[in-house]
Amino acid sequence: MDYENLIGRAYDPVSANCFTLYRDLYKQNFGIEVPHYAVPNDWDPEKLDLIGSLYKDVGMEKVDTWDLQPGDVLATAVGSTNPNHLVIYVGDNKIIHHKLNLLSTEEAWRPFWKMVTCYVLRHPDVPDLTPVLPDITIEDLLKSQQILG
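Okay, so the sequence shown: first residue is 1 according to the numbering used here, each after it adds one.
Because the hints were derived from the structure by calculation, they are not lab data. Errors might be hidden in some of the hints.
As the list claims (entries may be wrong) - Here are the simulated distance ranges between beta carbons:
hint, residue 1, residue 2, range
1, SER53, ILE138, 49 to 55 Å
2, LEU100, LEU142, 50 to 56 Å
3, LEU129, VAL78, 23 to 29 Å
4, THR137, VAL14, 53 to 59 Å
These numbers come from a predicted model, not from an experiment. We put the CB at the ideal spot given by N, CA and C, even for glycine.
Model the full structure from these sequences, guided by the hints.
Spelled out as structure tokens, the structure:
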């Protein structure tokens, strides 16, 4: 997944935030156009669950698993009971996101993020990019190399 150009962007409440990071990543990597939604200046997630009311409009589905796949979107509640921040799992135990008034960043998928995640969203058109590891035992590998008889 290509996202290096999305890291280090300065925060702007309209054009560079957690939602636009998600929009840009999905367009750049999967060709999925996520509509732009206007967010009220006085948005209070306790009164209006924007994420919960809009995710189906863009084709996202809730998944009941912690087996994250690259491209999964975590709807998180940071200092709130309703989701107010989007975090994208990019694989290899890493996430990207864009916090309020900070630069967009990549960081480790830590227990904190699991604790504040309300639900995981996945788009059915995003392929499973999880690396497939070989299914072979060390004994079979050594036999194939004629090290063991």
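Hint by hint, here is what the structure shows:
Separated by about 51 Å at the C-beta atoms, SER53 and ILE138 satisfy the suggested range of 49 to 55 Å. The given range of 50 to 56 Å is respected by LEU100 and LEU142, whose C-beta atoms sit roughly 54 Å from each other. Remark: the range hint 23 to 29 Å for LEU129 to VAL78 is upheld by a beta-carbon distance near 26 Å. Taking the beta carbon of each, THR137 and VAL14 are about 54 Å apart, inside 53 to 59 Å as hinted.
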